[in-house]
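Numbering that gives the first Met the number 0 numbers the first residue of the sequence shown as 0 and each following residue consecutively.
What the hints contain is simulated information worked out from the structure, not anything from laboratory work.
Hints are not guaranteed to be accurate.
Taking CB as the label site, the calculated pair distances span [said to hold, decoys possible]: (1) Lys133 with Ile104: 42 to 48 Å; (2) Gly52 with Leu99: 42 to 48 Å; (3) Ala53 with Trp107: 19 to 25 Å; (4) Asp106 with Asn3: 39 to 45 Å; (5) Arg109 with Lys130: 28 to 34 Å; (6) Val40 with Ile111: 39 to 45 Å; (7) Asp41 with Thr76: 47 to 53 Å; (8) Asp75 with Thr21: 21 to 27 Å; (9) Ser97 with Ser54: 19 to 25 Å; (10) Thr21 with Asp41: 14 to 20 Å; (11) Gly6 with Asp75: 41 to 47 Å; (12) His96 with Asp41: 24 to 30 Å; (13) Val40 with Leu18: 17 to 23 Å.
Only pairs whose alpha carbons sit at most 30 Å apart, straight line, appear in this in silico DSS-like list of lysine-lysine [claimed, not checked]: (14) Lys56 with Lys130; (15) Lys103 with Lys56; (16) Lys71 with Lys116; (17) Lys56 with Lys116; (18) Lys133 with Lys71.
Beta carbons: idealized from backbone N, C-alpha and C, even for Gly.
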Amino acid sequence: MNINIEGKVVVITGASSGLGETTARLLSSQGATVVLGARRVDRITSLAKELSGASGKALAIGTDVTDFDQVKRLADTAVATYGRIDVMLNNAGLMPHSPLERLKIDDWNRTIDVNIKGVLYGIAAALPHMKLQKWGGPVEVIRQGDVVRIPAGVKHWHGATATTSMTHTAIVEPQGGKTVDWMEQVSSSQYHGPQP
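Required output: the full structure, derived from the provided sequences and hints.
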């Protein structure tokens, strides 16, 4: 897949480590402006300074994705600072590793709050900006355990079916129900309006 990300404004949740941090580094190296959201403010602040020092544009905003007001502040600050959001990368996620029969209800609730509600909050925070600018879209991260069957004892429950459905709806709904190739890439022509 060949995507020109240079000059795009990308908001990334869960940017303090793992896939979020790696994605921020990659996109910044390709010329994207990255707005980093995570609970570990010290880590995203350090990453933003590093990326900005390497000729990139990066901003760190402390964000807990289980709190809609914080996610909205993340999106609003991105727009206030850089004028728009091109991509909302809903990356924050938990991976509890226990069989369902252990009945870890508190883990289930936390996973739903982060992995499902967090994605929905990201869409809700970014979509109004994207509708106004007639450009942009949400992206959901699908991890290996979501598409590869792993033995129950080590399977993590991510909520991928719910979040993939929400992301798909957020892409298709503004299109008037028009089908899009959403599993790999939503092209510029599949969004309303001209590319900035």
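How the hints compare with the structure:
1. Lys133 with Ile104: 42 to 48 Å: Holds: the Cβ-Cβ distance is about 43 Å, inside 42 to 48 Å.
2. Gly52 with Leu99: 42 to 48 Å: Hint holds: Cβ distance 46 Å, inside 42 to 48 Å.
3. Ala53 with Trp107: 19 to 25 Å: Violated, at about 40 Å.
4. Asp106 with Asn3: 39 to 45 Å: holds, 40 Å
5. Arg109 with Lys130: 28 to 34 Å: holds, 31 Å
6. Val40 with Ile111: 39 to 45 Å: Once the Cβ atoms are compared, 24 Å apart, the range 39 to 45 Å for Ile111 and Val40 is violated.
7. Asp41 with Thr76: 47 to 53 Å: violated, 18 Å
8. Asp75 with Thr21: 21 to 27 Å: Holds: the Cβ-Cβ distance is about 26 Å, inside 21 to 27 Å.
9. Ser97 with Ser54: 19 to 25 Å: violated, 44 Å
10. Thr21 with Asp41: 14 to 20 Å: Because 18 Å falls inside the window, the suggested range holds.
11. Gly6 with Asp75: 41 to 47 Å: Violated, at about 21 Å.
12. His96 with Asp41: 24 to 30 Å: Roughly 26 Å apart at Cβ, these two residues keep to the hinted range, so it holds.
13. Val40 with Leu18: 17 to 23 Å: holds, 19 Å
14. Lys56 with Lys130: holds, 24 Å
15. Lys103 with Lys56: violated, 41 Å
16. Lys71 with Lys116: Holds, because 13 Å separates the two Cα atoms, which is no more than 30 Å.
17. Lys56 with Lys116: Judged against 30 Å, a Cα distance of about 28 Å means the pair holds.
18. Lys133 with Lys71: With Cα atoms ~19 Å apart, Lys133 and Lys71 stay inside 30 Å; holds.
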